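Novice: Two chains, two separate frames, one set of hints: put the complex together.
Those sequence lines, one after another, are chains A and B.
Going from the first sequence to my numbering is simple: count from 1 and add 49.
Going from the second sequence to my numbering is simple: count from 1 and add 89.
These aren't lab readings, by the way, just hints derived from the structure by calculation.
Being a predicted model, the structure only gives us computed values, none of them experimental.
Backbone N, C-alpha and C define an ideal beta-carbon position, used for all residues, glycine too.
Treat the hints with caution; some may be incorrect.
For the chain A half of the interface with chain B, some residues (derived, Cβ under 8 Å), not all of them [stated by the list, open to error]: (1) Val126; (2) Leu235; (3) Met316; (4) Met362.
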Amino acid sequence: MRRSHYHAMKMKKLLDRPGNISIIIFAVISILLYYSGHASGIDFTYIQHLYDITFDMNEPSDVAVSGSGQIYIVDGVNNRVVVSNKKGKVIFAFGEKGSGMGQMLYPLGIFVDSTGNVYLADSGNHRIQIFDPFGEFQSEIKIPSVKGVLADPTDITVDESRNRIYIVDNNNHHILVYDLDTLKLLDTYGTPGMGKRQFRYPFLISADKANYLYIVDVINTRVQVLNPDGKFVQYIGGWGVEKGEFFRPKGVAVDRSNRVFVSDGYMGVIQVFKTNGEFDSVISIADKSRIKKFNKPVGIFIDNNNRLYVVEMFANRVGVYDIFY
Amino acid sequence: MINKIFLVSLILCSIIPASASFALVETPRNPDSAKECAICHYRWIDTFYLDGKGSDLVPYQQEKVVARLEMCFTCHDGSVVDSRARVYNDKHHNTDKPPPPHMKIPDIFPLDENGVMQCATCHTAHGVPSEMGIEKTIFIRASNNNSEMCIMCHTDKEGSISNGNHPVGPAEKEIPLNLISHGSRVGDKKNHIICETCHTVHGSPNESFLIESARNSGLCLECHADKNVFDADGKRNHQHVVNVKPVNVKIPEEVIDKGAKIGWEGEIICQTCHKVHNNNIEKTLLLIMKDEKSSLCLTCHKDKNYLADTKHNLVHLAPKEKNLEGKTVAEAGICSPCHLPHKEARTSGEGEDFITRLCLSCHKKGNIAEKAVPVDYRHPLGISPFNNGSDTQLNLATPDIDEDTFTLPLFNKYGIQDHDGNVTCTTCHDPHRWRPDSEKGEIREDIKGDSFSSFLRKTAPDICKECHSNKFFIENSKHDIAKVAPEEKNSLDQTPSESGLCGVCHLVHGGQQGYLWARKTVSESGNIVQDLCTGCHNEQGMAKEKIIKDYSHPVNISLTESGLTTTLPLFDKKGHLADNGLMTCETCHDPHKWSPDNTATGEHFKVEGTISNSFLRTANFPSPGLCGDCHKDESYIEKTDHDMMISESYGLKVAESGTCGVCHNVHNSKNKTRLWALDFADGASMMDKMCNYCHSGNGSAKDKIPDIASHPDDQLINNIGRDIKHTPNYFPLYNDRSGEYLSVGNISCPSCHNVHQWDPKFKKIGPGTNIEGNATNSFLRMQTYSLLCIDCHGLDALFRFKYYHDVEERVEKITNIIVPDTFQ
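Isolated chain B (complex conformation) (with noise of 0.2 Å):
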């Protein structure tokens, strides 16, 4: 053919005149309207078309461009139009393309000669009549009035839901204006929806041409806002999780395979459910599958079916409760009279995130559950695991919970599962399966969970163990119950067995004010944390053997009133820990914890307790760590000749009492006075006997006896301003019966000497070796050190102390003593 037209011309232009040869042709009448169409019929130009050849410029053009992309282009460029952005973005109804095999292309729409798609196939430079008028017309090939055109080639797209397709027409909702403003397009009637209103040929980065991506919902949630899961103000509403991965399941490849799509990571989308084009399957919602009685539900959520066969299927239990819709479980489904797609089943109830409310749902008085309502002391919710806050001393939860190998769930406040989120009921319970190790349920009405099933997400105490492995240390000491008392019930009446080994005391629904106490208690200090340990660490309780009697040291105390501090755990009266609290048991023991340093192993509940173990917070040997947290100015004590691992001990059990257990029973001691934990030897007052009882001749200090180590008695001295502890001059004076303080008395050994301090110039421990003391240590106080009785005797001071306290300079008088008047 092209050989043909150049012969032709070659002939017509050698003898005809040129004018002759437009007609043979139809090429343009005259110049300038040949200009006007050769500025786009590229090869219609004079010099290519009437001379056949090039220029010196550009080569002979014979192939016909005219519909090129190129070509559009040198005037849509912004030179004429700006389509750059729009059309020229490789963001465009495909073109240099053969339509799909199945797709039947209207004669009006000519592909080029290779049968492919071009702009031409759409557009023309000639203009169509068309209804639209010029500012909606692009100089297509038909009227696209409504998307007219769009269908003529896309037949399989029009129609409505009939055909499997999102409707098309007038709406009632309104279409949103931020969709327009992104380049939707509304048909020529209200609210109208057309091809246009979701897709766009030309300019869309999106997918199928969309005016949003629909990959994210985006597009779908323009129109569907009340599909959304949040809606404007940020509220939660009941409407199945969209662009969320999903966390426990997996979208079957079968819905894939139908057609089913996901977010560009995965997530669940609208188009997950839904298939808006071509839906063959399910007309009425353009479903992916049929949804018959939650199938499409169970289709995903497959491990929800286990729920069929549980006090949670209501068509076992409640078969005649209706949801929202008014719907039984045997009419819509078993997930439907808890769940639907795209609205509330049941009225919420109270609570502080999304998911405590569904629960609550049924679980509050006069509803369906009301049986199992859980009571005012329950576990808390709305906290998170791996965040202690100020509960780092107890530990209430592991402080260092691994995060990756953490199983249990946790939910964000729209009831979303987030790992930072918090503790609410599905994080322990998992509705949809009665017993953790097992896919049975159980329907009985009269068979009650126990720590094996009830819905838990794993048994107890393993699933506690989830967050309080740190209270674990429980296991084999004499505060697991099994071991020690397999008995014993908890208010439940529930043995240990039963209970599992947390259940014994604490219980996560129904426990008593303060840590979900699950035993009776019986003392009434007014302390709930006192009142714990007493309900069996009485003559009654199991712990009878380990009760503490009189003499023993102080409790609901406050160290701030005793001028002390601590770094052991305090507490007010409901239990609370607090930094100005009281001290109570917990404030030295820690129940969960034989031993300090966990080295506890195997059976330990059948070992006798030492002062390393006995559920102390910190051991109290070889140094006095726990005693000394409290009591700092005794500690020095620590390595001096006080310290009976330093000085020999006669037999005393140092390893068993430790430094301070030696001279100190903190329960039961014999003697109430300083909890005195030894005998009382000869003296003049009660202090007195207390060192007497080691500064004696069989005592362990018997070569540290004084010769002569008195002081006149019943002086009255007066010692107002030197009687403050924790002064330079402070000088103690005692009821020589009870060894209480007094402001005026007479002097003891204590007097003059701080018995747990070695030298009174520096408040630190001993040496850890026997040394000789002189004027300056010695365990003087420093009052003693600086004054040595001076600020009483004035310069009388030193002929006074030889005479009490050395035996040469008394004995050479002692024929004939002359007493000073003072003395008398």
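Isolated chain A, as found in the complex (with noise of 0.2 Å):
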């Protein structure tokens, strides 16, 4: 039902009722400002749906795709990694329920390097596990505990023209910074709180070109940008459920544009953002002109052929997508 369609049966009803008069006349006032100041109107990326991959995953959180094309999808309630082609035929899957090299438990997110190899956000063993892009353990990072607190390693990405990886660890509500070849802390941004470089449960990442950090900071709603060194940058996006504001933030990717993809878990949409933080739109289907509504989407990737890939995690499957342009 429309909202204005909505107004007028009430109006109705209350015209119906003797002595209403006055309410009457508030009421008509009220509704004229509400129509005055609301702006109308809202501008929509276009996607069209390729296909979708399923396998019996179990709550899925996060996807990457290599350079080669093969789509890694994190499948963590079942503790393994999903593997399909460029076509989203499953080809393999690695893992199992454990924490020895090559288990997991109950991983997050996923990050693919320029080789092929691929790191996982080994949540539940504190820790990053690297593999081969066949899914053969390679290392592992052990993500030390702060004061007690267990660390909490929600996502990674790993910028290597500085030979570094960057690990959001939720619970410490910090990115840490490690090196890529001897794997060892190098440094950490950002503290607890809700100003410039604070973070309340930072969630998934994403480097756009230049390798500036997107941070999905969840109970701050917004994304958080740093450049390489840990600057503070820009916020995108806030609170509320207006365009450009966000209820629950969970997946970001940066496309070749240096546009800006946010999902949002529970009102099941996803934003676009100009690279300065301005809102620009909202994802729809081709064709269809209105708001593509996805079933808890949480992480997201947006590959060189610009792909949309979308992890629905209620849904337990990965939509694969074409954008348009």
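Specialist: Structure follows, in structure tokens:
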């Protein structure tokens, strides 16, 4: 039901009741005020659905795509990574529940570097595991606790030009910087809080071509952008349900035009922001001209072919779409 | 109500400052706290609550969704807390359902507007004062210290055994670490059992939100490991089995109706007998039924009640006997002397398997069943009837028992019935039933069991037949003693009608060494198998008409030493099969089978035997299969001119004697030499006399008489080197009187001729037709064929051969014979 029609019905009911004249006057005034200040209309970024990847996944959380097109999906509650080819056919999976090498415990985030190596946020085991493209264990980074608070690594991204790994520690509200070669801790970005360079439950992370970091700051309901050295750049989005606002931001991805895509796990939308943080549009299915609602979208990824990959946690699938510009 | 709120909001939004409207509807007091609250209270977001509208992204939200699972999951999806596996996996305490009708939910646990449970029924994001500490607090509405919150709704689970529930509170036993590692919780005291020790409201994939499933008894056995059927070392404990599918027992519906549970595949589990919550039946052991003197046992094991009027009910013969709990049968019920559900009832006897040890706990010297102690030589235990092993030749057990029709129970070493198990006491005996054909028992002490009772599962011999059906060809044969000597008694003084078909010769308990022999043996050959036969086949025995006298085939001989091989069974002196053993009666005879091809029918014990039956293992007619199994070289006589089947027999009964029996009698021959079956004709030597019996004017080979066939005697031919059998130049010499082999002696017919092989070049049977011979066959030996006397006589050999074998050559010179010097 459209809102204007809803209000008209309300007015009709009020007019039918004797003695409501004064109330009606106030109501008319308030409706006029409401509609005169309402910004209607929204721009869309259109996508076209290509295929879904399912494979009996159980609450998947993140997705990453290698340069060769292999799609790596974190199938967290099944404690495995599901790998499909570029056509969406699952070709293998690796991992099982446990804490040994190659085993995992409710992993969340994933990243694939230019050589195809896979970096997995093995959250329940408080570590990052590194695998070769075929899922063979290579090495691990054990993330230390902070003042008795166990680390909760939820996502990673790699800056190969600077030889760095950036790891989100969700429980300790900061970003850890590790050396890619030595796997030693180099630096820590951020503290708990609501200000600049502060986080409340940072979750998934992405980077643009210049390796600026885009960190989903869940409870602060924003995406915070840091430069590679950890200096604050800007916020994207804020609290609310209007366009350009978030209720539960979950995933972030940056396209080749440096547009920033952010998924909202409760509102079920993916919003697109310009490089400067200004709201651009919201994702819509081509030819439908209405907002595309996803079933709890979490991790998102955009590949070099402008394909958008969306993990829908409640639907236990990953949707693959072409983005139209 | 909603209409009113809308209206008020509408009016206030238009004319009253926003802060005033917050106060009226109890919304947060400042923007920061507004977000902090609306972060769960979605409908309190300004767009909805203050503006009363939706946005371009989402519709207007009017309904309360704060405690919906979807809302909780916006943080518990790993982005703040990861509860995906534990909570949001359809494995949690019921939500979206109303509480059961009988359950009273305290007011502090709110249901939603539809009266159903939601996350917020138990949880609140605002927290409550709790002594548990933040590390244990999960934002629940009341302290759950020692599961107190659980009990607030589940009041019927409160208390302990007195309320018919599993005990809670401090226990003596330690809560196993394994259980804790699976999520089990312990109360605030040592070994403190609480609801959450067994149950978890989040993340359990098991029934009733159990930490581990109890449908395989797993949860119960975590703490009650001593009740497990097996201990950690794999040893069988004296416990009622669990996690085993009942084979002979059906859990009665009445027990299921009372709340008994069975495993996922129908197995017996702990909860089949025990009801751990709301047990109003039996509150001491939380049993599913009251157990008064074995009544619970007999509820499922109804057929075991047949025990009541048997000697195995100790109330009759040993009423004062006490089990290891110190209770008599009168005190604890008829099952109690032998079985207690969770402990040993008697001190086990000796034995290789669990059941044998149970039986021998009474059936041993000095104990209550010492009168029925199995003696040393008894049917073997611990063997599988389906696996003959090395026994394939004698086939003591039928080699191809039909496993589907096999009815006797087999047991593994743990005493659990197992189709792949072995024979034990209870394979043949049902200790709970005196007679297989009746539910009535026998308690008179002076009445002994027989083949129809004795707690047998089937009467004898049918029970023997289950495994040994291949021995039952003995029925109606001359070895069926009930038919041929019905008054004969075995060593237990039983007639065949009392002992049964098998019991005439074999005693399952107390037989003699060697096939559990049930009869007196008289021979002292030192060979057990031999002695079994001669026990009857002697001049005083019941088979005195069929005794073996002199001039019979030798027994107790080694074939290896004779250079022979065979596929027939050979035995060592203890009666065991042995590849290099001795030949005995049973090498050729199978005492259980009159006819090798099992064609004998009816009362064939009345029929005289032939070489096609007579308990022979292999028929000796029309081919000499039995003799030929050892005497292979001699079996090439078949279908040659020396096989009377081919040549005119002149009255010899080949069908009765077989090819070999025409010339040789295996038993009781009239002649010792070669067990010669015929008379002797004229001739220079014993061997010639045998040949000439046929090769003479009245013989069957009267047309095959050499005109001249002699060799000067007394030349003392030294034959050393040519007297080795099976060598190419074999050329035997024989003692003229006895026919025994010599190394120095005279030539006789079989020196040059092998009467059993037509053509020396080919070890094969004959063509089956009469053919005229020549110098290359004609039963010549290879030596004869190859050398024709040359090796002795050199170039003079041909002249000499013609002189002694060709009448024409010899007659021309007979008036003026010149005998070479060497012949004189």
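Novice: Could you run down the list of hints and mark each one as holding or not?
Specialist: Results for each hint:
no., hint, result
1, Val126, "holds (5 Å)"
2, Leu235, "violated (26 Å)"
3, Met316, "holds (5 Å)"
4, Met362, "holds (6 Å)"
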